[in-house]
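Engineer: Got chain A; can you put chain B on it based on the hints?
Protein chains: 2
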Amino acid sequence: MSDWNCKLVCTGCGAEYDASKAAVRCEKCGETLEVPFDGRGEIRKEEPFGGTLFERYREFFPYFEKNDALNMGEGFTPLLFMPRLAEETGAGEILIKNESVNPTWSFKDRGSAAGIRRALQLGYRKVGTLSTGNMAISMAAFANRAGLKAFILVNDHIDEEKLNPIAVYDPCLIKVEGDYAKLYDESLSIGERHGIYFVNSDEPFRIEGYRTLSFEVCEQLNFEVPDFVVVPTSAGGHFRGILKGFLDFKKAGLISKIPVMVCAQAVGCATINNAYGKGLDKIERTQNPDTIAHSIENAFPPSGNAVLRCLKEYGGKTVSVTDEELLEAQRTLCRNGLFVQPGSAASYAAVRKMGQQGMLKGNERIVCVTTSTGLKYTSILSRHKLVCHNTKLEELDDFIAGL
Amino acid sequence: MSDWNCKLVCTGCGAEYDASKAAVRCEKCGETLEVPFDGRGEIRKEEPFGGTLFERYREFFPYFEKNDALNMGEGFTPLLFMPRLAEETGAGEILIKNESVNPTWSFKDRGSAAGIRRALQLGYRKVGTLSTGNMAISMAAFANRAGLKAFILVNDHIDEEKLNPIAVYDPCLIKVEGDYAKLYDESLSIGERHGIYFVNSDEPFRIEGYRTLSFEVCEQLNFEVPDFVVVPTSAGGHFRGILKGFLDFKKAGLISKIPVMVCAQAVGCATINNAYGKGLDKIERTQNPDTIAHSIENAFPPSGNAVLRCLKEYGGKTVSVTDEELLEAQRTLCRNGLFVQPGSAASYAAVRKMGQQGMLKGNERIVCVTTSTGLKYTSILSRHKLVCHNTKLEELDDFIAGL
Chain A
60 MSDWNCKLVC
70 TGCGAEYDAS
80 KAAVRCEKCG
90 ETLEVPFDGR
100 GEIRKEEPFG
110 GTLFERYREF
120 FPYFEKNDAL
130 NMGEGFTPLL
140 FMPRLAEETG
150 AGEILIKNES
160 VNPTWSFKDR
170 GSAAGIRRAL
180 QLGYRKVGTL
190 STGNMAISMA
200 AFANRAGLKA
210 FILVNDHIDE
220 EKLNPIAVYD
230 PCLIKVEGDY
240 AKLYDESLSI
250 GERHGIYFVN
260 SDEPFRIEGY
270 RTLSFEVCEQ
280 LNFEVPDFVV
290 VPTSAGGHFR
300 GILKGFLDFK
310 KAGLISKIPV
320 MVCAQAVGCA
330 TINNAYGKGL
340 DKIERTQNPD
350 TIAHSIENAF
360 PPSGNAVLRC
370 LKEYGGKTVS
380 VTDEELLEAQ
390 RTLCRNGLFV
400 QPGSAASYAA
410 VRKMGQQGML
420 KGNERIVCVT
430 TSTGLKYTSI
440 LSRHKLVCHN
450 TKLEELDDFI
460 AGL
Chain B
60 MSDWNCKLVC
70 TGCGAEYDAS
80 KAAVRCEKCG
90 ETLEVPFDGR
100 GEIRKEEPFG
110 GTLFERYREF
120 FPYFEKNDAL
130 NMGEGFTPLL
140 FMPRLAEETG
150 AGEILIKNES
160 VNPTWSFKDR
170 GSAAGIRRAL
180 QLGYRKVGTL
190 STGNMAISMA
200 AFANRAGLKA
210 FILVNDHIDE
220 EKLNPIAVYD
230 PCLIKVEGDY
240 AKLYDESLSI
250 GERHGIYFVN
260 SDEPFRIEGY
270 RTLSFEVCEQ
280 LNFEVPDFVV
290 VPTSAGGHFR
300 GILKGFLDFK
310 KAGLISKIPV
320 MVCAQAVGCA
330 TINNAYGKGL
340 DKIERTQNPD
350 TIAHSIENAF
360 PPSGNAVLRC
370 LKEYGGKTVS
380 VTDEELLEAQ
390 RTLCRNGLFV
400 QPGSAASYAA
410 VRKMGQQGML
420 KGNERIVCVT
430 TSTGLKYTSI
440 LSRHKLVCHN
450 TKLEELDDFI
460 AGL
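Here the protein sequences line up with chains A and B, keeping their order.
For the first sequence, my numbering assigns the number 60 to the initial residue and increments by one for each residue that follows.
For the second sequence, my numbering assigns the number 60 to the initial residue and increments by one for each residue that follows.
Honestly, the hints are just simulated from the structure, not real lab data.
Keep in mind the model is a prediction, meaning the values are calculated, not measured.
Just so you know, not all the hints are guaranteed correct.
Since the list gives no way to pick one copy over another, a pair counts as held whenever it fits inside one copy or between any two copies.
[What the hints assert, rightly or not] No farther apart than 27 Å at their CA atoms in a straight line, the calculated lysine-lysine pairs in the DSS-like style are these: (1) Lys-337 x Lys-371; (2) Lys-125 x Lys-104; (3) Lys-444 x Lys-234; (4) Lys-241 x Lys-185; (5) Lys-185 x Lys-451; (6) Lys-104 x Lys-420; (7) Lys-412 x Lys-376; (8) Lys-371 x Lys-310; (9) Lys-185 x Lys-420; (10) Lys-451 x Lys-234.
If we strip away everything but chain A, and leave its shape as in the complex, we get (with noise of 0.2 Å):
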């Protein structure tokens, strides 16, 4: 951790702990804890292409060392310009962040990469998280890149086609039985008993990874910070370390706002969204949560009350969105070229919301973050009507002019 002696502080209650041991919950209010960030940072711009993401922001990271043989290519990810979209709603102008263009073709690679580099650094050789889908595959593979063990933790009701592409990185994958907000607490206190380093959705420096997403937004748009970025939000922790992205920017004085950040939920399982609208301090657990979107299904996010007190300070927005609405943004998004999971369209579906709420003026540029790959979760284009043509090559010109 070279000379870097900073604190972990707790997001509810401000209490401090030393960064140099292990600490994800505070000990006094359970909540989730935060990396502070001092103010000083500059971007390190390197060639070719910007550098790597570590180097690059290497002075918003001061608490890692340089290590190079981590890298797998993380972050750097397209802000594309969508035109059509943004007829489509009414929006002034609409920007894709495609994260599905990560290593392993979702966000979380930009948190696991950093907690990762934390698990090292407290001299762990073993790393884990629990996930549905995302987030496994993520750890697995960086946790193969550095040489550790990773221990996977997956809900029983996982789908089948998910898990594949979890085992083939051969980690100890591990399907449980029970009550996945429970299994959450039970990872930590495993964790400390067996030496493994959960890197779960709220771990500190996974929360420090996500911040370079805002990082590449700013420079993206030569710093002129978007009015609205609109996050798909499950845990809550994606939510945070964009937040958290450009409120650091701006401390180092590199932006002078902030946007207003929204936050995307299913109305199968709006467990934020839901507290939020009823002005309540911590959130409620969802029953029975019932969406299409299983990567934004999380009845009772860690990060959850943090996002509330986010949304208060700052101002943010809440919108959910049906799994109607989910399939047609997704179809939306194909037909501009994206192909996306119906968890990662909640973003382009919550603006489309937006816009039929009247809550669009036609003059705000807006981020929409599309958080994974649709190939990761191809059973549920069932609920499409695709079509597929047959014909025979001799037949192929006459089926063509009849089209």
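Structural biologist: Here is chain B on its own, set in the frame of chain A:
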């Protein structure tokens, strides 16, 4: 096409064609055409993260006008140092050029991006391709981005799991019963009759797009050209494009030599490698191709003869690998963090074979291209012995203790 009035040149007989009209194959000898390069080109370094592919290398694409609205963020893929793989094979250094993080998760996107620009330049509103997977998804996506209608021809024994991820983009998707090699010829004449510009594997501007992989590798290695570049080879267009990239950079004075190009194929469909081994000038059609690696299973590759000429003229090598070697390479790459298709693993499997055959001295630098994500072909994972444990939440601690 602005003031660019270049010719297309036959790679076989050297005949020239007017580039203001669509042309792909030579009317005289039947061989595939290419775009000549005049040797004038510099790299335009742009901020942030290198700019876009066609802007950074714009002087190597003098025939395209600036059009960022078509950009999908293609290219700029990581080049990963893989010390454990070098150790395992006895190579001096192995680097993986990971093409699975392109917008549709395969190398095809570089070529599709260029081919779509060519179609627009020629005034087409319809584009097409024939493909067994990767190219179909790529063309469907890029056509949508450009607002063009895509006609995708697939053969009727395509894996079911590959069909829906094409169909979801809503192209005109047609499964064609009949001889795949004849379908190639038929597609070109159908294209002429119905106003569809077919951007097949050997379309000259697709090849131009593939050059960008080599441009990036040169930059990523600070213009120290690797000794070998190993390419999983099917139709042959990718191989040609990568070689041409190095040749064009050399012509522009940016590098002083070119690498030895290695053509990696599956034993069950080693059309090019077999012909090269026999010293033939022309490929012979592979009867009954048989490999698990469908993405490199082209029995009569359109650029086969052109690749043979390249191998002879520039002293390339050919290495064929068995299905078992492909599966073993797929596993090994996963254990290093990279999940690729079996066909994509052909490059690393070939290097391992080169080591076994005493072709490596321990001081060479090798770039292995991995062409596409493993997520597109998960049914093959049944060929691996994958492990998933099962337990109950209350027994999890004991279970982990007992591992």
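Engineer: Against this structure, judge whether each hint is valid.
Structural biologist: Going down the list of hints, with the structure as the test:
no., hint, in the structure
1, Lys-337 x Lys-371, "within (12 Å within a copy, 73 Å between copies)"
2, Lys-125 x Lys-104, "both (15 Å within a copy, 25 Å between copies)"
3, Lys-444 x Lys-234, "between (33 Å within a copy, 17 Å between copies)"
4, Lys-241 x Lys-185, "within (21 Å within a copy, 54 Å between copies)"
5, Lys-185 x Lys-451, "between (55 Å within a copy, 21 Å between copies)"
6, Lys-104 x Lys-420, "neither (36 Å within a copy, 37 Å between copies)"
7, Lys-412 x Lys-376, "within (12 Å within a copy, 57 Å between copies)"
8, Lys-371 x Lys-310, "within (19 Å within a copy, 60 Å between copies)"
9, Lys-185 x Lys-420, "neither (50 Å within a copy, 35 Å between copies)"
10, Lys-451 x Lys-234, "between (46 Å within a copy, 8 Å between copies)"
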